[in-house]
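Chemist: Put chain D on the given structure of chain Y with help from the hints.
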Amino acid sequence: MELAWKVEAGSKIKLKDYDANYVDEHTDPVSARAELEILTRELGELQELLAAAQHHSLLVVLQGMDTSGKDGTIRRVLSQVNPQGCDVRSFKAPTGREMGHDFLWRVHRGTPGRGIITIFNRSHYEDVLVVRVHNLVPEKVWNRRYVAINNFERLLAQNGMIILKFYLHISNEEQERRLLARQKDKTKAWKLSAADWAERKYWNAYQEAYEDALSKCSTDEAPWYIVPANKKWSRDLLVARTLVHTLRPYKAQWLDKLVVRGEQELARIEQMQKPAG
Amino acid sequence: MQLAWKVEAGSKVKLKDYDPNYVDEHTDPALARAELEILGAELGELQELLAAAQHHSLLVVLQGMDASGKADTIFQVLSQVNPQGCEVRSFKAPTLRELAHDFLWRVHRMTPGRGIITIFNRSHYEDVLIVRVRNLVPQEVWSQYYAAINDFEDLLTQNDMIILKFYLHMSNEEQERRLLARQKDRTDAWKLSAADWAERKYWDAYQEAYEDALSRCSTDEAPWYIVPANEKWYRNLLVARTLVHTLRPYKAQWLDKLVVRGKQELARIEQMQKGAAQKPSRKKK
Chain Y
1 MELAWKVEAG SKIKLKDYDA NYVDEHTDPV SARAELEILT RELGELQELL
51 AAAQHHSLLV VLQGMDTSGK DGTIRRVLSQ VNPQGCDVRS FKAPTGREMG
101 HDFLWRVHRG TPGRGIITIF NRSHYEDVLV VRVHNLVPEK VWNRRYVAIN
151 NFERLLAQNG MIILKFYLHI SNEEQERRLL ARQKDKTKAW KLSAADWAER
201 KYWNAYQEAY EDALSKCSTD EAPWYIVPAN KKWSRDLLVA RTLVHTLRPY
251 KAQWLDKLVV RGEQELARIE QMQKPAG
Chain D
1001 MQLAWKVEAG SKVKLKDYDP NYVDEHTDPA LARAELEILG AELGELQELL
1051 AAAQHHSLLV VLQGMDASGK ADTIFQVLSQ VNPQGCEVRS FKAPTLRELA
1101 HDFLWRVHRM TPGRGIITIF NRSHYEDVLI VRVRNLVPQE VWSQYYAAIN
1151 DFEDLLTQND MIILKFYLHM SNEEQERRLL ARQKDRTDAW KLSAADWAER
1201 KYWDAYQEAY EDALSRCSTD EAPWYIVPAN EKWYRNLLVA RTLVHTLRPY
1251 KAQWLDKLVV RGKQELARIE QMQKGAAQKP SRKKK
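Here the protein sequences line up with chains Y and D, keeping their order.
Residues 1 to 277, numbered by this note's numbering, are exactly what the first sequence covers, in order.
Residues 1001 to 1285, numbered by this note's numbering, are exactly what the second sequence covers, in order.
Bound-form chain Y, shown alone:
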C-alpha cells in the first residue's frame, strides 16, 4: 500500500524531487473514494479505542501553501471520528497576549491530553515559515527554533503522544489554478484573500523554508510526511492511509488495556454487591 512519503530523520529534502501530481498507479478517483470510506470508518474505531484506553494521544500537524487543501483534508479524512474526542486548532497570526510569550506557549496549551486527537491546521511551524520568509523576527531568532521544536516534540512524544506531520505538496501552477477557480466561483470566493496573491511572490522562499523545516524537524518520534496534493482525491487517500497505518499497530495494546480495566471494575462491582447479597 502506497503511503505518504515519509521524510527519514536527518535526510536533506529538495521539494523538486517530489512530484506534486503523483498518483499511485493502482488507484483512481472511484476506487479511492471507496477505500477512503473504509479507512475513515476504521479511523473512527481506532479513535474510540484511543479515547477509551487513555494512554496515548494523537497530534496531527497539517501544513501547506494557501489552497493546498488543509481544511478539505481534515473534513474528509476525519468525517467519521467522534468530535467529542477530536479537536481542530487553527493558528492564525498571534494575538498581543500570545506575542508576549515564547512561540511554543500557545501551541503547548493546545496539545492533546491522553485519549484525545488534536489536529493542528497550521502550527508552530509557521514560526519557521511565514515568520522566516517575511523577516518577522531576526534570523538568529528563527534559526534557533528548529532545535526548540525538536526538543518540544520530544517532550510530547515521551509522554505517549503519537505525532504525525503532513506537508500538503502542491505545485505553483496548481495553486494559481485554484486561486483563479475561486475567483470564478461565487460560492468559493469567500475563501479568497488579496494576501494570497501577494504571498505567491514569495513562493520560492516558502519552498526553501519548507525544505528546511522538513529536513531539520523530521524525527523518528515525530516524522514529517510529504503528500502529493495536486490531486485532491489522492491527497485525502494518502493522509487517511498513513494515519490508519500508523495507529493500527497500537490497537492490540489499547484493547488489552480495556480488558484489564474492565476486569478490575467488574471485580470492584462484585465486591460491592457481596455485602448486599
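Note that these hints are calculated values from the structure, not bench results.
Don't take every hint at face value.
[Stated by the list, open to error] To give an idea of the chain D side of the interface with chain Y (calculated C-beta under 8 Å), a few residues:
1) 1100
2) 1104
3) 1105
4) 1158
[Said to hold, decoys possible] Under the rule of at most 30 Å between Cα atoms (straight-line distance), these lysine-lysine pairs were calculated in the BS3-like manner:
5) Y:232 with Y:188
6) Y:216 with Y:186
7) D:1016 with D:1263
8) D:1092 with Y:257
9) Y:140 with Y:14
10) Y:201 with Y:92
11) Y:231 with Y:216
12) Y:140 with D:1263
13) Y:201 with Y:191
14) Y:231 with Y:274
15) Y:186 with Y:16
16) D:1257 with Y:140
17) D:1251 with Y:140
18) Y:184 with Y:232
19) D:1016 with Y:92
Quick reminder that beta carbons are idealized off the backbone N, C-alpha and C, glycines included.
Modeler: Quick look at chain D alone, frame taken from chain Y:
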C-alpha cells in the same frame, strides 16, 4: 555584598557542604530589616521599569522542604512590588486534567509574558523531587525530565525571560523545630499537615533529589541559588539581594526603551494635533 550561593553550571552539589545556619558577619537582624526595606523599594521600582519596557519577563522559582519558608519569603521580599504586574503560582498535586498532559504543560501555561514577574511557589522541579522520591513514575521516566527541564528553560530564556531559582536550604533539626512550634501555636497550626511528618521520613532521599536537580539543572541562563534558610531574616535578605543584584544591570536598557517609546508617542501626538489644528482653519476658508 554577600548573595545567595550560585550553583555554577556543571558543578556537583553536596548539600552537606552548605551551612543552613550561615549568616554573613557584616549583618544582624536589625541591619537586615533596614536593608530589606531599601531593597524591597528598589525591587518595586525595577518591576515598574520591567513592566513598562515590555521586553523582559522574570520568573522566580522557589523550592525548599516543608516549613523552609517559601510563602513567607514571597510575602517579605515582594511586599513593595505592584501586584498588577506580579503573579504567584503554586503547584500542588496535579489535577486529572493536568495529569493527562506532559509534566511541563501546566507549568508552561503559567509562565510570565513580557513585562510580568511570576513567582513559582513549588514548580516543575517537583517532578524530579516528590515524584522521584515517592516513585510516582518509573525512574526511566523521571530521569528524562532533567534534560526536558533544561530544554524548556532554554526556550524561555531565549525569549528574554530572566530566570532565578532559589533553593531554601534548611537543616533537618530546624524543620523539626518549626513543625513543633506550629503545633504549639494555635494561630500557626492551620499550616500543619500530618503529611509533613510523614514526609520527614524521606529527608535523605529528598536531599539527594535536590542535589541532582541543583547539579543537573543549573545553567548560566537559569541558575540555581542555594539560600541558607535557618535564619529567616537572613534568608529574606539574601533572596532580595540576589534579585536586585540580577535585575539592576537591566535598568539602563529598560530606561532607554522607555525614552525611545516616549519620543515616538510624542511625535505621533504632535502629528495628530497638527491635523486637528488644520481642520477648523479649512472650514473657515
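Chemist: Give a verdict on every hint.
Modeler: Evaluated hints:
1. For residue 1100 of chain D, the interface hint holds, since its Cβ comes within 8 Å of a Cβ in chain Y; the closest pair sits about 3 Å apart.
2. Interface hint status for residue 1104 of chain D: upheld, as the beta-carbon distance to the closest one in chain Y is roughly 6 Å, under 8 Å.
3. The beta carbon of residue 1105 of chain D comes within 6 Å of a beta carbon in chain Y, closer than 8 Å, and the hint placing it at the interface holds.
4. For the restraint placing residue 1158 of chain D at the interface with chain Y, the shortest Cβ-Cβ distance is roughly 6 Å, inside the 8 Å limit, so the hint holds.
5. For the given pair, residue 232 of chain Y sits about 16 Å from residue 188 of chain Y by alpha-carbon distance, which is consistent with the 30 Å threshold.
6. Straight-line distance between C-alpha atoms of residue 216 of chain Y and residue 186 of chain Y comes to about 41 Å, which puts the hinted pair past the 30 Å bound.
7. Proximity of residue 1016 of chain D to residue 1263 of chain D is assessed by CA-CA distance (about 54 Å); at most 30 Å being required, the pair is judged violated.
8. For the proposed pair residue 1092 of chain D and residue 257 of chain Y, the alpha carbon gap of about 29 Å is at most 30 Å, so the pair holds.
9. The suggested pairing of residue 140 of chain Y with residue 14 of chain Y holds, with an alpha-carbon distance near 23 Å, which does not exceed 30 Å.
10. Between residue 201 of chain Y and residue 92 of chain Y the CA atoms are separated by roughly 20 Å; this keeps the pair inside 30 Å, and the hint holds.
11. The straight-line distance between the Cα atoms of residue 231 of chain Y and residue 216 of chain Y is roughly 27 Å, inside the 30 Å bound, and the hint therefore holds.
12. For the hint linking residue 140 of chain Y to residue 1263 of chain D, the alpha-carbon distance of about 28 Å falls within 30 Å, and the restraint holds.
13. Of the supplied pair hints, the one linking residue 201 of chain Y and residue 191 of chain Y holds, its CA atoms being roughly 19 Å apart against a limit of 30 Å.
14. A hinted pair counts as satisfied when its Cα atoms are at most 30 Å apart, and residue 231 of chain Y with residue 274 of chain Y does not qualify at roughly 62 Å.
15. Distance hint between residue 186 of chain Y and residue 16 of chain Y is unfulfilled; the C-alpha atoms sit about 34 Å from each other, more than 30 Å.
16. Of the supplied pair hints, the one linking residue 1257 of chain D and residue 140 of chain Y holds, its CA atoms being roughly 21 Å apart against a limit of 30 Å.
17. Pair hint residue 1251 of chain D plus residue 140 of chain Y holds up; C-alpha atoms about 25 Å apart against a cutoff of 30 Å.
18. In summary, the hint linking residue 184 of chain Y to residue 232 of chain Y is supported, as the alpha carbons are separated by about 19 Å, within the 30 Å threshold.
19. A distance of roughly 52 Å separates the Cα atoms of residue 1016 of chain D and residue 92 of chain Y; the hinted pair therefore is violated under the 30 Å criterion.
Checked against the numbered hints above, the structure breaks hints 6, 7, 14, 15 and 19 and satisfies the rest.
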